[in-house]
Amino acid sequence: MNARAAHAMNDANTHAQAGASATPVEPPLVVADVRAHRWDDACGVLIAGFGAAGACAALEAAQAGARVRIVERFEGGGASAKSGGVVYAGGGTTYQREAGYADTPEAMAAYLQGEVGDAVSPDALERFCNGSVAQLAWLERQGVRFGSTMPARKTSYPPEHAYLYYSGNEAVGDAPAVPPAPRGHRTKGRGMSGRVLFDTLRRAVQAEPNVEILRHAGVRRLIVDTTGRVIGAQVWRVEPGRAQRQHARLARWADKLHNGLPALADRLRAALLRLELRASRALDIRADAVVLATGGFIFNHEMLAQHAPRYLANWRLGTTGCDGSGIRLGVSAGGVADRMERVSAWRFINPPFAWARGCVVDARGERFCNEEVYGATLGHAMCETRDGRAWLILDAALVREALRECVRGRLWAFQSVPALMLMLGGRKRAATVAQLAEQIGADAATLERSLAAYRAAARQGRDAGFGKSAAMLAPLAQAPFYALDISAASRAFPCPAITLGGLRVDETTNAVLRAKGGAVEGLYAVGRAARGLASNHYVSGLSLADCIWSGRQAGRAAARETQAARERIFNDQDAERKASAIKTASAKVIPLYPLTH
1 MNARAAHAMN DANTHAQAGA SATPVEPPLV VADVRAHRWD DACGVLIAGF
51 GAAGACAALE AAQAGARVRI VERFEGGGAS AKSGGVVYAG GGTTYQREAG
101 YADTPEAMAA YLQGEVGDAV SPDALERFCN GSVAQLAWLE RQGVRFGSTM
151 PARKTSYPPE HAYLYYSGNE AVGDAPAVPP APRGHRTKGR GMSGRVLFDT
201 LRRAVQAEPN VEILRHAGVR RLIVDTTGRV IGAQVWRVEP GRAQRQHARL
251 ARWADKLHNG LPALADRLRA ALLRLELRAS RALDIRADAV VLATGGFIFN
301 HEMLAQHAPR YLANWRLGTT GCDGSGIRLG VSAGGVADRM ERVSAWRFIN
351 PPFAWARGCV VDARGERFCN EEVYGATLGH AMCETRDGRA WLILDAALVR
401 EALRECVRGR LWAFQSVPAL MLMLGGRKRA ATVAQLAEQI GADAATLERS
451 LAAYRAAARQ GRDAGFGKSA AMLAPLAQAP FYALDISAAS RAFPCPAITL
501 GGLRVDETTN AVLRAKGGAV EGLYAVGRAA RGLASNHYVS GLSLADCIWS
551 GRQAGRAAAR ETQAARERIF NDQDAERKAS AIKTASAKVI PLYPLTH
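Mapping the sequence shown onto UniProt numbering, position 271 (from 1) lands on 271, and the numbers just tick up by one.
Mixed in with the good hints there might be a few duds.
[Claimed, not checked] Calculated cross-link-like contacts (lysine to any residue; reagent style SDA-like; alpha-carbon spacing at most 20 Å): (1) Lys-256 to Lys-188; (2) Lys-82 to Asp-266; (3) Lys-82 to Pro-240; (4) Lys-82 to Ala-279; (5) Lys-82 to Trp-315; (6) Lys-188 to Gly-147.
[Stated by the list, open to error] Label-pair distances were calculated between CB atoms; the ranges are: (7) Val-417 to Arg-449: 32 to 38 Å; (8) Val-417 to Gln-206: 32 to 38 Å; (9) Ala-263 to Arg-153: 46 to 52 Å; (10) Pro-27 to Gly-441: 31 to 37 Å; (11) Leu-257 to Pro-27: 51 to 57 Å.
FYI, nobody ran anything at the bench for these hints, they're computed from the structure. By construction, the Cβ of each residue, glycine as well, lies at the ideal position given by its N, Cα and C atoms.
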């Protein structure tokens with residue numbers, strides 16, 4: 001057994017004992033003599049991860065002339081393929097104009113500033129908004145299709161045949177600070193169209209002659225020279241044949257069972273890692289640039305407990321590959337992880353539309369938010385300020401309306417089924433507000449006061465406390481009264497979460513930055529492996545838009561790195577040739593006079 005295989009077996013035993021499922025990451029391998037090192041393969045740009053960010057990085061790098069190798073732990077797609085396929089875009093896209101909206105980059109930036117905060121600089125946000133129309137056009141050139149039909153009213157995800165919608169808080173309240181425009185551009189396709197978006201990008205990548213894809217392989221270690229420059233990666237690939245087929249099967253079932261049987265899915269993930277550690281072979285791949293596109297860390301329990309323990313009870317949204325391996329690799333090479341406490345929790349209560357007209361209160365019975373806000377805004381308030389505990393208070397009229405909408409409203413199953421389960425099986429019901437407070441363990445006086453203020457706002461058509469629009473206020477006067485548990489830990493009504501933090505990067509190239517300034521040469525990070533546009537607050541489509549934006553930036557920068565490496569090699573070779581020529585010429589010189597001391 002060679003040293004690398006023995007090391008892998010030790011890792012296998014350690015991780016098996018811990019029950020872990022995250023890719024193990026080792027400190028960088030320092031290579032003193034790059035030419036003398038035994039390389040198994042070489043490329044210009046090595047990309048770890050094949051989701052939307054990795055695909056876009058590959059396309060830009062390949063189209064700039066770089067030889068690209070993608071290393072993907074599974075089959076590809078990642079969280080992008082499981083998403084809704086919504087790309088946040090504005091500034092006057094074709095589809096906005098077709099729908100009758102005159103959006104501008106300035107209006108888009110003004111709205112996003114409130115969501116993005118200081119996650120990126122104003123200059124970076126301005127560049128993103130100014131380039132939004134062009135980015136959508138670039139996606140269309142890769143084959144992605146969008147549309148301009150809109151749903152009849154605000155929703156968490158548009159129904160079939162609707163492709164443009166308000167995917168954030170743009171139109172919340174009676175007087176939005178910025179003129180609202182719909183910016184959620186859903187990829188055309190049946191069902192949740194994230195798979196359609198990724199498959200289209202995958203086909204575009206596979207059509208590039210300069211790109212090779214190595215599946216069932218994960219990066220566990222970066223390779224650096226003595227200056228700390230990243231010059232490649234150590235990749236562990238599951239052996240082709242039976243082991244690789246078993247690997248694919250375990251990964252597929254872990255993702256399939258996650259929704260209904262998460263504990264079983266986690267056991268499959270642990271088995272998956274044991275297989276990887278037992279049946280993989282190491283490959284040292286030389287690269288001029290390495291791009292980390294491995295996603296976030298929602299499936300890494302240890303990282304979540306360390307950085308964002310408030311969200312341990314939330315339902316993890318993503319795939320097995322969202323284990324933080326890219327972030328850990330970047331840190332191992334000198335990079336800095338940033339905004340790691342930032343997590344987006346999605347507590348959508350619309351649809352059913354009637355729910356958003358109810359009143360949300362905390363465990364004490366105190367109202368704490370505007371119920372019509374985007375689901376991640378509500379989820380953030382609930383998890384960050386109310387310990388993840390909340391109840392939705394409805395009256396009989398709203399419950400009847402909500403049931404009717406779930407049964408006849410042509411909602412997606414992921415919208416209607418949990419809502420029905422909660423209303424029919426997970427509810428509390430009482431004839432009076434005081435009795436309802438007793439049932440949910442709230443303070444009766446506090447709940448009475450909250451509902452009295454809410455009813456007054458409904459009568460006046462003005463919610464002074466939280467700014468809810470008049471049309472979304474309901475009198476809540478018809479007994480019996482209902483309380484639905486919408487807490488983060490609710491089993492009947494899960495509250496999904498994704499991580500938003502990642503490696504600190506340069507905003508123009510996505511090069512990984514060191515703590516004391518300067519970049520880790522040769523290393524880039526994109527998507528949810530990096531701090532970016534979505535690292536403060538999340539609105540639907542912003543993470544995918546950031547994946548595409550950052551992936552393209554890094555791909556172009558990595559291709560330039562490849563060109564620079566070629567020039568360095570050429571200059572080194574030229575210097576060697578000149579030195580050799582001088583040495584040869586010197587050997588042939590015949591002195592005109594005898595040499596004397």
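Exercise for review: Could you check the structure against the hints above and give me the numbers of any it violates, in ascending order?
Suggested key: Per hint list: 1, 3, 4, 9, 10, 11 violated.
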